[in-house]
Every structure is written in structure tokens, then in C-alpha cells.
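**Q** One-letter residues, chain by chain:
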Amino acid sequence: MRHIISMLLENEPGALSRVVGLFSQRNFNIETLNVAPTDDPTLSRLTVTTHGDERIIEQITKHLNRLIDVVKLVDLTEGAHIERELMLVKVKAQGSARDEVKRTADIFRAQIVDVTPSVYTVQITGDANKMDAFLQAVTPLGVLEVARTGVSGIARGDKVLSL
Amino acid sequence: MIARFLRDEGVEYIYGYPGGAALHIYDALFRQDDIKHILVRHEQAATHMADGYARASGKPGVVLVTSGPGATNAVTGIATAYMDSIPMVVLCGQVASHLIGEDAFQETDIVGVTRPIVKHSFSIRHPSDIPTVLKKAFYIASSGRPGPVVIDIPKDMTAPTERYEYVYPRKVKLRSYNPVSRGHTGQIRKAVELMMSARRPVIFAGGGVITGRASEALTALAHRLNIPVITSLMGLGAFPQNDPQSLGWPGMHGSYESNMAMHHSDLVLGVGVRFDDRVTNNVNRFCPDARIVHIDVDPSSISKTVHADVPIVGAADHVLNEMLNQIGQRTEAQEPLDEWWETINAWRDERRGKLYEPAAAGEPLKPQQVVEAVHRATHGDAYVVTDVGQHQMFAAQYYRFNQPNRWISSSGLGTMGYGLPAAMGIKLSYPDEHVVLFTGEGSFQMMMQELSTCKQFGIPVKIVNLNNASLGMVRQWQDLNYKSRHAHSYMESLPDFEKLIGAYGFKAITVNTADELEPALEEAFRSKDELVFLDIHVDPREHVYPMQVPQGAMCDMLLSKTERT
Chain A
1 MRHIISMLLE NEPGALSRVV GLFSQRNFNI ETLNVAPTDD PTLSRLTVTT HGDERIIEQI
61 TKHLNRLIDV VKLVDLTEGA HIERELMLVK VKAQGSARDE VKRTADIFRA QIVDVTPSVY
121 TVQITGDANK MDAFLQAVTP LGVLEVARTG VSGIARGDKV LSL
Chain B
1 MIARFLRDEG VEYIYGYPGG AALHIYDALF RQDDIKHILV RHEQAATHMA DGYARASGKP
61 GVVLVTSGPG ATNAVTGIAT AYMDSIPMVV LCGQVASHLI GEDAFQETDI VGVTRPIVKH
121 SFSIRHPSDI PTVLKKAFYI ASSGRPGPVV IDIPKDMTAP TERYEYVYPR KVKLRSYNPV
181 SRGHTGQIRK AVELMMSARR PVIFAGGGVI TGRASEALTA LAHRLNIPVI TSLMGLGAFP
241 QNDPQSLGWP GMHGSYESNM AMHHSDLVLG VGVRFDDRVT NNVNRFCPDA RIVHIDVDPS
301 SISKTVHADV PIVGAADHVL NEMLNQIGQR TEAQEPLDEW WETINAWRDE RRGKLYEPAA
361 AGEPLKPQQV VEAVHRATHG DAYVVTDVGQ HQMFAAQYYR FNQPNRWISS SGLGTMGYGL
421 PAAMGIKLSY PDEHVVLFTG EGSFQMMMQE LSTCKQFGIP VKIVNLNNAS LGMVRQWQDL
481 NYKSRHAHSY MESLPDFEKL IGAYGFKAIT VNTADELEPA LEEAFRSKDE LVFLDIHVDP
541 REHVYPMQVP QGAMCDMLLS KTERT
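Same order as they appear, the protein sequences are chains A and B. Under the UniProt record's numbering, the residue at position 126 of the first sequence is numbered 126, and the numbers go up by one with no gaps. Under the UniProt record's numbering, the residue at position 408 of the second sequence is numbered 408, and the numbers go up by one with no gaps.
One should not assume that every hint holds.
Derived contacts from chain B toward chain A, CB cut-off under 8 angstroms, selection only [said to hold, decoys possible]: (1) Met1; (2) Arg115; (3) Pro116; (4) Ile140; (5) Ser142; (6) Arg224; (7) Pro299.
In short, the hints are calculated from the structure, not lab data. The beta carbon of each residue, even a glycine, is placed where N, CA and C say it ideally should be.
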């Protein structure tokens, strides 16, 4: 099953490499990874999506918790949560395809954020399924480049991940 | 600042080797008398010395090396300590801050190199951070599940342009590191209920009982419930082997009765063990009828290889005492274990007197009988250190351990060359005890340069070289799995050990046949102040048995060259 694990990490050099290294060292898989500072400058928030059965996920969370730099951790998929990813896609936009890209972007509530005579750059946010669906829709029109941020997530309701 | 901190932390010995990036620290050591520095001949030896000291004393061993090759030479010793959860603090010199990343002379990213084999690591970024970072390192290394901590110290950090006030930090707090001590009372109750109602229980105790200083509690619990005790290789001595409830150690070369008992048990109470592959054999066939209670201070050890029915995260000492406490308050009777003990005793009887065939007077010795003779010569209470291979297994099988912290061996990583420096680290701190190294001519030659360190600092360890002129364990596997094609497992061109040891000014005695053994041992163990090397030529055809059958259950064993279960 796919899991989204989000953690607060000491904002120290080397902390990220410990997390990433753990995954390769113990043969766990990382599908996406997203990391940025938080409102507290001493902490970063790191989110990974990974696949595994219950035993593997338990091992992943235990080993992550064992890292001294990991301050707090949550498996968002254990409860209701919001998952978002941002993607920028350059699509060929010439001739009849130009309108088709625009229409598809509208259907997905994506925005065209850069325009040249031959290319549209589309920005889209949503969960991973929506990204995949949009890519599938525009692939026949000619996708030139894709940049995805990886998943970020947060629990629904009053639950918070903080110190 | 580093030297002052080490003194205030109560460090007596540090083991190391100087070099450019560490010279400021070495200069500070020169100008004080509290800490004794032991100059090794290779940095790997420094880490093994610290490791041996840590295993015998329970306190973290301290290593000091320079940047680049100094630090990379220490890697094997750090990995050895990591695999066996041994507390160690490794101070590594580093090139000056402004040179980092420029491929400067003797620069290595040692924090990066050691990342997967340390409990944690630090880089000093400001000279004033030194006391706090060192305190954190000692705290992390020695608390919870212990392990090695590396500190990278750029050269400019140890020669600051300004002066900083030094205050010894008595305590440090880390917001992301709070090792648990107390186990969950409800989980303990569940475990106790299982223990009271089990018909075929076993206790499986490991290194965690020794590091957690829980031998007494373990022994009390085992006696209270009359449960047979099996210790892992790391746990040897956690429960006295001369106790009738001791079944020895299990696994690949474990005793027949311990493997049989564990396989047929209906409850395994694992304490401070990690159910590693050398014990479980094929995990899918591991203990088919048993419920597993697993006590460990490290949650990630629990259900890693074997699913725990009752996981208990906590320090062994606390959890075992709480179990005793709860048992005392219960009114129901324990399920009788008479039948279980009858079965176990029958297994014991099956193999009694059949373990190996001792050599007669004029024949080459069997390694097993050498270990038994050394046990007698040292009254069974020496610190026993080993290298890795057949001799290690023979030592574990035939030297019976009745106290914790006396069996010192690289169990997890299996590091050849570990033995001599580890023995030296122990002898320095326990000069009045016999420290015996069982080694083989293969392992010994990996670290024999340390004889020079023994000479410089007067470290009189006893070295028992079980010389079979081959890499015995490799040869055994080749005999069993490769139709005796002995690819590079032979040791031709061995040195004349008497001359070699003599070159350092030490005594060596060669033993060729069984009748020569006793007089040689008598001479070797007469005094505790003399290094003696016994070069004992043993039968090279001997195999270590029992030996678990690959992919089998625990109870599937070869018992000798001709018998199997």
C-alpha cells in the first residue's frame, strides 16, 4: 500500500542525507520526497511517499524515529488527510493543439503560467492521481518537460504535527 | 577544550594515532597528565581497543584519529561497534573549515562515509560548541541502545583565534532523543500471563541484558519460573552457564539442546536480542508453535525479522524486575514444566560425550580440547576475547561463561583482526585479570602489528593461536558446499611465530601434540604480567558442529561429519 510519511527534521546539515541514506541502506523504496523549512527556523518538514506492506511501513517509521535528527513523525495515510503536489508541464501548443491544451487545462483547473508561440507551460496542483490523469490527457499533444514537486500533505481536522 | 572535557567526563584511556589535522589536540594531550593516550600501529586497532574496553567495562571507549586515511582506517572498527551496539566516541581530525570540499590534502567526508554505521555523528562548527557536542556524543553513545558516535573536528576549531570560556556541561537534553526506560505495564502483564500458562517456555537473552546490566534480574526471573535459558552469542555470560537451567547458545553453531528447545517451545521470551539470521535460520520455519514476547530498548529491533506477539519497548532491567513484581502478586499457579524439562534433559543426554573426539598423547590437538584446557588453566574466569572463524565458535562452545562482560567477540560484523587490539584494550583497564585471546593464524595476521603497541605500553595479554594452517571456517564451507575445493583458504608461507613474537621481545611456545599442551599452559598462565603467545598446531580437518542446515528450521542440524537430525 502507498503511504505518506511526514516528519519534522532538525534543520541541520546532513539531516536530509541521513533520511535518504536510511531508505537505500535498508532497501526501502522512496517514490517522492519533498522537503522545506517550516515556520520554526530550526525545523524542516520532510514528506516521503513510499510503498510497502504493514511490516515494512512499521520498520520504516521505527527506523526513521531512531534517527536523532527526526524530531516527530506521522504516517498521514493512517487518518483523513490532504495530499497535494504541484506540477509544471511544458506542452507543445501549435495549430489545433493550442486550443486543446487550453481546454484540457481548464477542465483540470490548471493554469497556463508561461506562453510562447509554440509552447504553453501549465501549472497544476492536486493529488498524485490528478497529476497522472492530466499528463495522460496531454501526452498525445506533445509533452516537452515535466517538473513535479513530490507530495506534501497534512492531516485533516484538529490534528497537528508540531512540537 | 577537548582534553579538559575528556578529563571531566572521567575518560582514562584514549586510543589513537596522530596526524596533521589532529595535532592541536595531540599537543593539548601532551600538556596534561589525566588522560593516557595509547599509540596504536593502525587506526583500526584503536577502534577495536576502545570497543574491547567498552564491552568489558560498559563505558564508552574513546578513539582519536586524524583526517582522511586516519579516519577511513577506523571505519571497520566503527562498523564492528555499530553491529554489536557498543558505546564508542570517535574523534576525527578534519582539514580546516575553509578547505572542506576542496579535496584538500588528507580530506575525507568521514561523516558521509560513516553515516550508515554510526548511531549519530557531529561536525564541530564553532569552537565554543566543543563541550556541548562532546557531551551529547557521550550521552548518545552510551544511553538507550548504545552505539558509536563520530565527531568531525576541523583543524581550525582546535586552535581558535579567540579564547572561549570552558564549562563542563553536566547534562544535555536533546528534543528528538529520549530513550525509553520503563516498559508498558499492560504489555508486561500480557507477557507474564503467557509465561505462567506456557508449557514449553524458553528465555532467549542477548547482548541487551549485558549492556542493560540486567543479568541479576534475568537470573532471578528464570529461577522464579524454572524456565530454561538460552543466551545469544552476544549474551554469553548474561546467565551463568554452570546453572542447570542454562542450555547454552542457539543458532548456526549453537548447542543441540538449545536449538531443539527453542524450535519446540510454545513461548520465547526474547530479552535484548535481535533474532538475527544466524540464530533463526529460515525465518519462515522459525519456532512454529511459539508465541514471541520481545523486550528491547530499541523499538526498531522488535518485529524486524520475527513478528512479536507481545512487544515490550523498555530497558531489560526495568521490564524484568516489573515481571518479577507482577508474578509475586499473582495467585494462580504456574503451569508445571516437569515434562518440558524431561524432554530437554533427554536432548542433553543424546549428545553427552559425543561432541568431539579428544586427541591422544602423541596426536595433533583438537581445537575444542585446547579451549577446555584453557578454561581449566584460567579457572573459567578470564576475559575471553576472540577473532573470527572456527576458533571463535570453539571458544564460544567450550569456554563456559558464568559472568557477564567476559565474552568479547565481534559477533554481528564478524571482523577478523578484532581480537588482539580488543584484548589489549581490556588488559590495560583490568591489569590484574587474565585476558586470553583465542585467535587463528588468519585473523592474527590481520592485526599482528599491534604487538609493537603491546611492547611500548607493556600490555601482557595471553594469545592462544589455534593454528590449523588454513582459514578454517572458509575451508569448512568449502568442504560442505564446494566439494572440498579449497579456493584460497590455505595459509601457506606462515611465519615462524616463535621468531616473530621473539622479535618483539615476547615469549612464544609451540605446541605440536596433545601431551605438550598442559606444560605449555602452565608456563603461559603462571603470571599475569607477561605476554605469552601459544602457537598450537591443531587438526586442520576439524569442523565446527552442530551446524544448522541452510534454509532449514532451527532444529535441522548437522551434528558431525556423519550425523544429522
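**Q** Now look at each hint and say whether the structure bears it out.
**A** Status of each hint after checking the structure:
1. Below 8 angstroms, beta-carbon pairs count as interface contacts, and Met1/B has none with chain A, the closest being about 21 angstroms; its hint is therefore violated.
2. Contact between Arg115/B and chain A, as hinted, is supported at the beta carbon level, the nearest pair being about 5 angstroms apart and thus within 8 angstroms.
3. Below 8 angstroms, beta-carbon pairs count as interface contacts, and Pro116/B has one with chain A at about 5 angstroms; its hint therefore holds.
4. Checking Ile140/B against chain A by beta carbon gives a least distance of about 7 angstroms; that is within 8 angstroms, so the hint holds.
5. Using the Cβ-Cβ criterion of 8 angstroms, the hint placing Ser142/B at the interface with chain A is not satisfied: the shortest such distance is roughly 14 angstroms.
6. For Arg224/B, the shortest C-beta to C-beta distance to chain A is roughly 32 angstroms, which exceeds 8 angstroms, and the interface hint is violated.
7. With a cut of 8 angstroms, the hint placing Pro299/B at the interface with chain A holds, because the nearest CB-to-CB distance is about 5 angstroms.
The structure shown violates the earlier hints numbered 1, 5 and 6.
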